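Trainee: Letter by letter, the chains look like this.
Protein chains: 2
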Amino acid sequence: MNTEWIAVDWGTSHLRAWAMQGDTVLDHAQCDRGMATLRRDQFQDALLTLVQGWLGAAPVDVIACGMVGARQGWVEAPYVAVPAKPISTVPVRVPGTDPRIRAFVVPGLKQDDPADVMRGEETQIAGYLSTRPHWDGVICLPGTHTKWVQVSAGEVVSFRTFMTGELFDLLGQHSVLKHSVGEGWDDDAFATAVADTLSKPEQLAGRLFGLRAADLLQGQDPATARARLSGALIGAELAATRPYWLGQQLAIIGAEALSNIYATALQQQGAFVETADATQATLAGLLLARTLTRQTA
Amino acid sequence: MNTEWIAVDWGTSHLRAWAMQGDTVLDHAQCDRGMATLRRDQFQDALLTLVQGWLGAAPVDVIACGMVGARQGWVEAPYVAVPAKPISTVPVRVPGTDPRIRAFVVPGLKQDDPADVMRGEETQIAGYLSTRPHWDGVICLPGTHTKWVQVSAGEVVSFRTFMTGELFDLLGQHSVLKHSVGEGWDDDAFATAVADTLSKPEQLAGRLFGLRAADLLQGQDPATARARLSGALIGAELAATRPYWLGQQLAIIGAEALSNIYATALQQQGAFVETADATQATLAGLLLARTLTRQTA
Numbered sequence: 000m001n002t003e004w005i006a007v008d009w010g011t012s013h014l015r016a017w018a019m020q021g022d023t024v025l026d027h028a029q030c031d032r033g034m035a036t037l038r039r040d041q042f043q044d045a046l047l048t049l050v051q052g053w054l055g056a057a058p059v060d061v062i063a064c065g066m067v068g069a070r071q072g073w074v075e076a077p078y079v080a081v082p083a084k085p086i087s088t089v090p091v092r093v094p095g096t097d098p099r100i101r102a103f104v105v106p107g108l109k110q111d112d113p114a115d116v117m118r119g120e121e122t123q124i125a126g127y128l129s130t131r132p133h134w135d136g137v138i139c140l141p142g143t144h145t146k147w148v149q150v151s152a153g154e155v156v157s158f159r160t161f162m163t164g165e166l167f168d169l170l171g172q173h174s175v176l177k178h179s180v181g182e183g184w185d186d187d188a189f190a191t192a193v194a195d196t197l198s199k200p201e202q203l204a205g206r207l208f209g210l211r212a213a214d215l216l217q218g219q220d221p222a223t224a225r226a227r228l229s230g231a232l233i234g235a236e237l238a239a240t241r242p243y244w245l246g247q248q249l250a251i252i253g254a255e256a257l258s259n260i261y262a263t264a265l266q267q268q269g270a271f272v273e274t275a276d277a278t279q280a281t282l283a284g285l286l287l288a289r290t291l292t293r294q295t296a
Numbered sequence: 000m001n002t003e004w005i006a007v008d009w010g011t012s013h014l015r016a017w018a019m020q021g022d023t024v025l026d027h028a029q030c031d032r033g034m035a036t037l038r039r040d041q042f043q044d045a046l047l048t049l050v051q052g053w054l055g056a057a058p059v060d061v062i063a064c065g066m067v068g069a070r071q072g073w074v075e076a077p078y079v080a081v082p083a084k085p086i087s088t089v090p091v092r093v094p095g096t097d098p099r100i101r102a103f104v105v106p107g108l109k110q111d112d113p114a115d116v117m118r119g120e121e122t123q124i125a126g127y128l129s130t131r132p133h134w135d136g137v138i139c140l141p142g143t144h145t146k147w148v149q150v151s152a153g154e155v156v157s158f159r160t161f162m163t164g165e166l167f168d169l170l171g172q173h174s175v176l177k178h179s180v181g182e183g184w185d186d187d188a189f190a191t192a193v194a195d196t197l198s199k200p201e202q203l204a205g206r207l208f209g210l211r212a213a214d215l216l217q218g219q220d221p222a223t224a225r226a227r228l229s230g231a232l233i234g235a236e237l238a239a240t241r242p243y244w245l246g247q248q249l250a251i252i253g254a255e256a257l258s259n260i261y262a263t264a265l266q267q268q269g270a271f272v273e274t275a276d277a278t279q280a281t282l283a284g285l286l287l288a289r290t291l292t293r294q295t296a
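Those protein sequences? They're chains A and B, same order as listed.
Residues 0 to 296 (numbering that gives the first Met the number 0) are what the first sequence spells out, left to right.
Residues 0 to 296 (numbering that gives the first Met the number 0) are what the second sequence spells out, left to right.
Keep in mind that the hints were calculated from the coordinates and are not lab data.
Keep in mind that a hint or two might mislead.
Because identical chains cannot be distinguished in the list, a pair is counted as satisfied if it fits within a single copy or across any two copies.
Stated by the list, open to error - Straight-line distance between alpha carbons at most 25 Å, and here's what the computed SDA-like set of lysine to any residue pairs gives:
{"hint": "1", "residue 1": "K177", "residue 2": "G142"}
{"hint": "2", "residue 1": "K177", "residue 2": "G55"}
{"hint": "3", "residue 1": "K109", "residue 2": "R241"}
{"hint": "4", "residue 1": "K199", "residue 2": "Q267"}
{"hint": "5", "residue 1": "K109", "residue 2": "L216"}
{"hint": "6", "residue 1": "K177", "residue 2": "A190"}
{"hint": "7", "residue 1": "K177", "residue 2": "M66"}
{"hint": "8", "residue 1": "K199", "residue 2": "Y243"}
{"hint": "9", "residue 1": "K177", "residue 2": "P77"}
{"hint": "10", "residue 1": "K109", "residue 2": "P221"}
{"hint": "11", "residue 1": "K199", "residue 2": "P113"}
{"hint": "12", "residue 1": "K199", "residue 2": "T23"}
{"hint": "13", "residue 1": "K177", "residue 2": "Q41"}
{"hint": "14", "residue 1": "K199", "residue 2": "T48"}
{"hint": "15", "residue 1": "K109", "residue 2": "H178"}
{"hint": "16", "residue 1": "K199", "residue 2": "L37"}
{"hint": "17", "residue 1": "K84", "residue 2": "T11"}
Small disclaimer: the values here were computed from a predicted structure and weren't measured.
So that you can see chain A by itself, here it is in the shape it has in the complex (with noise of 0.2 Å):
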């Protein structure tokens, strides 16, 4: 195997590496050493870890985005304003690596007001833009903070965040309707809680409790209550984001499972919506990144 370069997606909780040849993956490792877990002396030891059996003498570029130029990171890649392309300066070279490696970090993106910040998004935006160049329209990658992303004349205009994995994960495991909320799925209690929450997102609040009160007094289906719960935080998040998808050309990039909820949430509404898969995304994202780097080296 003959690694040219190593594409990194380091974020909060998890690190992902691919040895890449051009624009082809020989190989892919992943592990739970994310972000959070590490000091800013530990970051190389745990990439080195992971990806020691891709190298060779000569030194390999390492591409990375995420978490992982945080503040708290391995180094800092501080964030850029918005509008902007969504990779739009070098990536940020990691001082003082393993003679093996030189190790580039790609900066996230910010926007003043309202006050929003990404980092990885704005490289899956730069990947899926990558093979298509005149595309204008809105961006939605659903997960743990999903993002909105409108895109027009290949900048990011502007963006918004939403908690609704992180709220999702709450609510279902660590509040008072973990007793109710169980595994499975029901689509009929899905698509009924996004229109109801779209309708009326101000009953939002008095919605969640409603889930526990239907196990208590009427023994609800623990799938349908997940479902309910999903409906209701995705309706919540499709009526602050109403001006983003109506009407709009829509691209859904994320996880499989996680994006077909999104689309079919949206397909609902009538949106027509076009979905991308997040790795092959990233790893557009992170080959453009490097081109980047060669054209200054």
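For chain A, the structure is supplied; the task is to place chain B on it using the hints.
Mentor: Positioned in the frame of chain A, the structure of chain B alone reads:
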């Protein structure tokens, strides 16, 4: 000290007891052996450990309210369906108790549509109304799970539960916002957040991550973030409960600090608010419940 009866407020996380003579408090004790920490066969020991100094040769009545009456509690005290007086049936006798006590548990209330339940608040409502025989209006009982209760002709007509307190704790202490939310308070930030969320409740989902971004980009004061988080969540609750408080006679029963926060938010919307002490309301309600047990004895 001659204890005539013992009043008990036994919730999920705490056990509080008062040695009573008529409506006079002789002594008070509390511990953290809440319902969630106990198996059914451990309730009596928990109580006796706390109150044994108040017991004598003759059996003493113990009147308890709260989650102690849940299915997993000391004895199940089935919910009474609304509309109903807050305490309309004789409290449920705990079987097989120590000969020094005769223990009773006040039933909670339930509502079929929308599904909702309460345990403990019915006793505070009964106590509040016991000195106001012709009071009609809406009672707000703020807490981990805030209740809004419509009262007419001495009966609870309808009610809704909001997980606002639990959401505030989960988001402030267990989400990504924990890095940005600290101690302290900011009156202006709270008022603005309440008003903003009330006027655009569908934007709540987007406001939350904004608290994190405002810290990262603008170094927002953690006390300001805390007040904004509280204001956003209470604003969302007030948006959902508008028919409950708009133009209604309104009373808040709760802990003083939290009641004052709710009163401030409601007064900013032009509502006229009376506040009442939660402990006094609980003791008055338990006294009333005791009267019911004596009538059947």
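Trainee: Now tell me if each hint is right for this structure.
Mentor: Now the hints, each set against the structure:
Within a single copy, K177 and G142 get their C-alpha atoms as close as 20 Å, and across copies as close as 19 Å, so both meet the 25 Å cut-off. Taking the closest pair of Cα atoms, K177 and G55 never come within 25 Å of each other, the shortest separation being 49 Å inside a single copy and 42 Å across copies. With identical chains, the CA atoms of K109 and R241 are at most 25 Å apart within one copy only, with a shortest distance of 22 Å there and 36 Å across copies. In this assembly of identical chains, K199 and Q267 lie within 25 Å of each other by CA distance both inside one copy and across copies; the values are 16 Å within and 23 Å between.
For the homomeric pair K109 and L216, the shortest alpha-carbon distance between copies (8 Å) is at most 25 Å, but the shortest distance inside one copy (47 Å) is not. In this assembly of identical chains, K177 and A190 lie within 25 Å of each other by CA distance solely inside one copy; the values are 21 Å within and 32 Å between copies. With identical chains, the CA atoms of K177 and M66 are at most 25 Å apart between copies only, with a shortest distance of 17 Å across copies and 29 Å within one. In this assembly of identical chains, K199 and Y243 lie within 25 Å of each other by CA distance both inside one copy and across copies; the values are 18 Å within and 16 Å between.
With identical chains, the CA atoms of K177 and P77 are at most 25 Å apart between copies only, with a shortest distance of 22 Å across copies and 39 Å within one. Taking the closest pair of Cα atoms, K109 and P221 come within 25 Å of each other only across two copies (20 Å); inside a single copy the shortest separation is 39 Å, beyond that limit. For a Cα distance limit of 25 Å, the shortest separation of K199 from P113 qualifies both inside one copy, at 24 Å, and across copies, at 15 Å. Taking CA atoms no more than 25 Å apart as the test, K199 paired with T23 passes in neither setting, with 48 Å inside one copy and 48 Å between copies.
In the homo-oligomer, the alpha carbons of K177 and Q41 lie at most 25 Å apart only across protomers (24 Å), although the nearest pairing inside one protomer, at 35 Å, exceeds that limit. Proximity of K199 and T48 under a CA criterion of 25 Å is satisfied in neither setting, with 51 Å inside one chain copy and 49 Å between copies. Proximity of K109 and H178 under a CA criterion of 25 Å is satisfied inter-copy only: 18 Å between copies versus 39 Å inside one chain copy. For a Cα distance limit of 25 Å, the shortest separation of K199 from L37 qualifies neither inside one copy, at 43 Å, nor across copies, at 40 Å.
In this assembly of identical chains, K84 and T11 lie within 25 Å of each other by CA distance solely inside one copy; the values are 24 Å within and 52 Å between copies.
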